[in-house]
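Take these sequences, add in the hints, and give me the full structure.
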Amino acid sequence: MTELRFYDTLRRDKVAFAPIDPARVRMYVCGPTVYDYAHIGNARPILVFDVLFRLLRHVYGADHVTYVRNITDVDDKINARAAERGITIRQLTEETNAVFQDDVKALGALAPTVQPRATEHIAEMIAIIERLIASGHAYAAQGHVLFSVPSMADYGKLSRRSLDEMIAGARVDVASYKKDEMDFVLWKPSSAAEPGWDSPWGRGRPGWHIECSAMSWKHLGETFDIHGGGVDLVFPHHENEIAQSCCAFDRPVMANVWMHNGFLQVEGDKMSKSLGNFVTIHELLHGTSFGGRSWPGAVLRLAMLRTHYRQPIDWTAKALEEAESALRRFHQAAGSPDGAPSEQLVAALADDLNTPAALAELHALRAAGKADRLAASLALLGLWTPQLYRAEIDPAFAAKVDALIAARLDARKAKNWAESDRLRDELVALGVAIKDGKDGTSWEMKR
RNA sequence: GCGCCCGUAGCUCAACUGAUAGAGCACCAGACUACAGAUCUGGGGGUCAGAGGUUCAGAUCCUUUCGGGCGCGCCA
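So in numbering that gives the first Met the number 0, spot 422 of the first sequence is number 421, and the numbers just go up one at a time.
Keep in mind that the hints were calculated from the coordinates and are not lab data.
A virtual CB, placed ideally from N, CA and C, is assigned to each residue, including glycine.
You may find that some hints are simply not true.
[To be verified] The calculated label-pair distances, taken between Cβ atoms and stated as ranges, are:
| no. | residue 1 | residue 2 | range |
| --- | --- | --- | --- |
| 1 | S288 | G334 | 34 to 44 Å |
| 2 | R328 | G85 | 47 to 57 Å |
| 3 | Q100 | K272 | 17 to 27 Å |
| 4 | G368 | E83 | 50 to 60 Å |
| 5 | D231 | D75 | 11 to 21 Å |
| 6 | P251 | N276 | 39 to 49 Å |
| 7 | E180 | D101 | 35 to 45 Å |
| 8 | D249 | T112 | 19 to 29 Å |
| 9 | D249 | R202 | 48 to 58 Å |
| 10 | K317 | D75 | 32 to 42 Å |
| 11 | A370 | G290 | 29 to 39 Å |
| 12 | A359 | G135 | 46 to 56 Å |
| 13 | Q264 | V98 | 45 to 55 Å |
| 14 | G220 | V98 | 30 to 40 Å |
Right under this line is the structure:
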């Protein structure tokens with residue numbers, strides 16, 4: 000079996016991957032908070048961990064990998080946005096989630112095994128909070144429940160920061176109900192206007208981090224194999240997830256491997272609404288504001304995979320053009336995707352998802368004329384999109400094209416260039432691009 | 001300020017556990033083309049951010065400086 004090695008944020012090193020149960024490899028990735036269109040930065044973990052999911056399925060078998068990616072549908076940003084737009088929270092989260100699902104599908108991401116929603120796991124959240132209170136790791140105060148950070152000896156090990164450092168750097172006023180300024184909210188009270196659920200501490204709603212502890216527990220168990228997300232989540236989100244889960248279940252680890260993708264910039268700048276370079280997945284797929292045109296999902300996907308997932312990535316129109324050019328060439332050289340992918344490509348991915356090396360292998364396969372290997376390798380990466388560049392043409396249309404090409408060849412033999420050009424123009428009008436080569440004339444659909 | 005990640009050809013990145021630094025794109029020149037595109041062949045291009053150290057040997061390991069990113073604010 001292929002040996003997999005992944006960089007573990009907790010150990011700051013690449014480590015050999017050994018699933019707890021090879022018959023059921025379990026991974027959890029923090030999904031979107033559904034209050035607005037997902038931007039291209041949100042797409043990075045989706046794509047990175049989709050490649051990981053595909054790799055694990057390839058190595059352990061498609062039925063032996065469980066991938067959980069949550070939908071966060073309770074959050075104060077959601078409440079604010081719904082109020083702003085004058086719609087219900089449910090309407091907002093349903094609408095936003097539908098767009099998100101369309102977006103990631105267009106990017107070629109497989110559906111995760113489970114996409115749990117936070118609002119459907121309130122009972123699990125309450126159960127975890129009760130365990131934490133019972134074991135002295137949490138306390139209720141003024142309708143809130145807080146996690147007691149000093150109660151956990153090794154708090155901070157994921158982000159490698161000591162409590163002293165954090166306290167020294169703290170800039171926020173400490174709420175009066177906190178026993179320690181580092182304590183964070185597990186549950187907070189809701190006003191009548193805010194969404195809320197009955198709990199032992201009154202009507203309220205969950206804090207930010209508890210949802211992931213609840214959903215990963217429900218769907219993957221107390222300890223599982225891989226937990227992923229963006230680097231920005233290392234602290235405080237993942238640090239606090241670890242605190243909640245490890246203390247609630249009295250376990251030394253929550254997940255055996257913690258993987259984090261790097262950040263994204265747009266044309267060299269931090270992406271922000273104030274800079275006007277904020278770009279959504281939806282706009283890239285359907286609009287024309289980035290690079291003056293829309294882009295197929297597979298192009299966005301290839302552009303994202305050119306950069307190793309832990310490196311910062313600079314999102315540029317030039318990179319998209321290069322990705323499209325490469326993708327077209329791959330498909331023109333590709334054969335049938337039904338066979339086995341390149342072993343070198345699998346080895347590249349097995350080495351901490353080295354997608355740049357995997358892409359180099361795609362180029363090598365193309366250069367070597369290994370058409371079927373190339374197609375199967377594209378498929379493994381989720382880049383096999385023949386409909387884009389090898390349009391399935393109906394036979395009648397193809398016959399018409401062939402007839403026009405034959406007529407054009409006759410005209411050219413007769414040195415009747417005017418007629419030849421006219422026939423070529425007619426083909427162009429049909430959306431066909433012709434190529435005169437050594438072995439006759441071939442053609443393809445223009446994009 | 002503190003913590004973490006990262007600096008390799010014009011651009012995006014390989015080279016992991018040390019041994020003449022590689023690929024794609026871009027560029028240049030040929031081939032093929034009525035022309036062009038596409039394709040094929042070949043080519044130029046790098047004091048591996050800088051400086052020390054360990055070593056027979058360092059892009060790779062250690063120290064340090066400089067530069068960039070992220071976190072320390074419920075912004076992926």
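Hint by hint, here is what the structure shows:
no.: 1; hint: S288 / G334: 34 to 44 Å; in the structure: 37 Å, holds
no.: 2; hint: R328 / G85: 47 to 57 Å; in the structure: 50 Å, holds
no.: 3; hint: Q100 / K272: 17 to 27 Å; in the structure: 24 Å, holds
no.: 4; hint: G368 / E83: 50 to 60 Å; in the structure: 57 Å, holds
no.: 5; hint: D231 / D75: 11 to 21 Å; in the structure: 18 Å, holds
no.: 6; hint: P251 / N276: 39 to 49 Å; in the structure: 43 Å, holds
no.: 7; hint: E180 / D101: 35 to 45 Å; in the structure: 43 Å, holds
no.: 8; hint: D249 / T112: 19 to 29 Å; in the structure: 27 Å, holds
no.: 9; hint: D249 / R202: 48 to 58 Å; in the structure: 30 Å, violated
no.: 10; hint: K317 / D75: 32 to 42 Å; in the structure: 38 Å, holds
no.: 11; hint: A370 / G290: 29 to 39 Å; in the structure: 31 Å, holds
no.: 12; hint: A359 / G135: 46 to 56 Å; in the structure: 53 Å, holds
no.: 13; hint: Q264 / V98: 45 to 55 Å; in the structure: 24 Å, violated
no.: 14; hint: G220 / V98: 30 to 40 Å; in the structure: 32 Å, holds
Hints 9 and 13 from the list above are not met by this structure, while the remaining hints are.
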